[in-house]
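Protein chains: 2
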Amino acid sequence: MKKTDKKIEELGEFGLIRHLTKDVRIKNPETHRGIGDDAAVLDFGDRHVIASTDILMEGIHFNLIYTPMKHLGYKAVVANLSDIFAMNAIPKQILISLAFSAKISLKQIENLYAGIKLACDNYNVDLAGGDTSTSLTGMAISITALGSGEKGKIVYRSGAKTNDLICVTGNLGAAYLGLQLLEREKKLFMENPKLQPALDGYDYPLQRQLKPEPRADIINFFKENHVMPTAMIDISDGLSSEVLHICNESETGCRIYADRIPVDRYTEELAGEFNITPLVAALNGGEDYELVFTLSPGELEKVQGHKDIKIIGHITAKEDGCSLVIHDGSIIPLQAQGWNAYGRSPQK
Amino acid sequence: MKKTDKKIEELGEFGLIRHLTKDVRIKNPETHRGIGDDAAVLDFGDRHVIASTDILMEGIHFNLIYTPMKHLGYKAVVANLSDIFAMNAIPKQILISLAFSAKISLKQIENLYAGIKLACDNYNVDLAGGDTSTSLTGMAISITALGSGEKGKIVYRSGAKTNDLICVTGNLGAAYLGLQLLEREKKLFMENPKLQPALDGYDYPLQRQLKPEPRADIINFFKENHVMPTAMIDISDGLSSEVLHICNESETGCRIYADRIPVDRYTEELAGEFNITPLVAALNGGEDYELVFTLSPGELEKVQGHKDIKIIGHITAKEDGCSLVIHDGSIIPLQAQGWNAYGRSPQK
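As you go down the protein sequences, you meet chains L and W in turn. Under this note's numbering, the residue at position 79 of the first sequence is numbered 79, and the numbers go up by one with no gaps. Under this note's numbering, the residue at position 279 of the second sequence is numbered 279, and the numbers go up by one with no gaps.
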């Protein structure tokens, strides 16, 4: 493949962007003009424009030792799309800013973009612009996602009311255990580089860590079934942290029942291997990109039959505090022990 | 000041964002909801939404040895606003992603935000969201700017036609010479840390480098005087590079006259000190954040009286190529020798 024999220096900044984006086709009528000018031009008529941004840093959010570039690109995009879905809106465009050092090859960047484009294709999103640059040290990936939301149908973190049901999609904790697996194999590899990674049979947690999928299907389900959550957030930092965000912003308390929190069977088994309580992984693990939302009790029957929506508790008055009912029936305060970008993560 | 005695670790990610943004007030009706949810919610009714993003890396785009944090924040914002103005649109919101290492203090981040907020105030832009994270090494700042543009009035790089006038705002090369000054003082300081920087009398080039101002005034002038450029771009990488972008995208050639390129008197003097031809600084220097635009010849009289708009040449047919007429009347090819994020800058 002659194309990939090229060096990044030969292409230069503009050449690199052209090279990486020459096969990008506009998919949404909302994308009036994409890559190739000072800015993208979007057109949302009389709908709300939803915008979210995120930065991922090498060594902090990803480790190139065990993260394939294509997966990294995919995950960087879907993490942002998940924020748009969590507003009950539909993502339409992303803009990508990328910085990387001389040790990164063109082939690696192409693989990263292959993941970015695959995520865009899978979620019908246009890659509408961006910036690439060099870095003296690690790689940085910043993504801004833009979406379209119906006026009056945007769901904020702040709308939960006392007695609302607290619902969770899918299952939790798997992405965190996938990370533990990768960390274990990295450690073994560092000690003995000849060792082959022993990842067979761990497909589910690895896929949840390396190639998560945001819940576009749930947002479509809401639309088709006229479900209107009162508050919603995506689970990137761990269930506890996200529920506390909703309670803080809504000025409410909550009661969550530990035995109702959905944990996959493989996650439970793997947690045992790592001597981690599955509940802890589910509450604090993060990166599952599921949704947690609150619903008026009157809307219960609209979601009751859905195999991927579980009711895990309810909203209380603020003065009742935020609490967790554990298996033996005792009540403990709900605490955020998820990811803290500025301190040691408590799970590690 | 108790507030600034706090440590970043104590605040945590969400505490830090709250701390830095608690005094942010929404200024534009287009900002339906700002910081504090998964995403910002914007509302542009029946106008185009313009979106642009940029990433700045420590050691590549800025050097913390001689860049005050407040200036860095200011410049990071205006560089993005400049991209929105260059589309003939008005910036309305920014989203900021920030990553920095443990060596950076809360006071420094507050100063960075002071610059960010000052730029937002000066250009009536809302800080509508963002993300902060830690970095293992250098600092990374990624900004996305969103703007509003009238349908049919967006100006792309691709609209230039043969015989159109090529116009430039303000003057060029000063920001580049400001950078040379700072680099010289840094070198002297590294050799002898007791030395005081000798920057007196260099206010203009330093200000152009450290606190550039994008041309909001020119976009307003266009609106008030019904001026409609055929193509436009902001000068971030150097005049040559930008004019070549217009010619590439418009599939035209151009002829630029060296003696018409506006260079400030102080820039000329300082160029002499550094043994740099002022024309080279103006053509290749970059970071002036002026605008270069093309105009139908019939629109000439609308801009002729403007003290800050100079006609420097005209668009030709593609087969005539892109050329520069220098002082002795000879014609040389116009070449982009501006900033290349992946190679050595030719000026250094």
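Some hints here could point you the wrong way.
As the list makes no split between identical chains, a pair holds if one copy fits it or if it spans any two.
In the DSS-like style, the derived pairs of lysine-lysine whose C-alpha atoms are separated by at most 27 Å in a straight line are [said to hold, decoys possible]:
#, residue 1, residue 2
1, Lys27, Lys194
2, Lys6, Lys151
3, Lys318, Lys22
4, Lys161, Lys22
5, Lys186, Lys151
These aren't lab readings, by the way, just hints derived from the structure by calculation.
Hints, one by one, checked against the model:
1. In the homo-oligomer, the alpha carbons of lysine 27 and lysine 194 never lie at most 27 Å apart, since the shortest distance is 45 Å inside one protomer and 59 Å across protomers.
2. Taking the closest pair of Cα atoms, lysine 6 and lysine 151 never come within 27 Å of each other, the shortest separation being 48 Å inside a single copy and 40 Å across copies.
3. In this assembly of identical chains, lysine 318 and lysine 22 lie within 27 Å of each other by CA distance solely across copies; the values are 22 Å between and 53 Å within a copy.
4. Taking the shortest alpha-carbon separations for lysine 161 and lysine 22, only the inter-copy value of 24 Å comes in at or below 27 Å, while the best intra-copy value is 49 Å.
5. For the identical chains of this complex, lysine 186 and lysine 151 are neighbours neither inside a copy (47 Å) nor across copies (53 Å), given an alpha-carbon limit of 27 Å.
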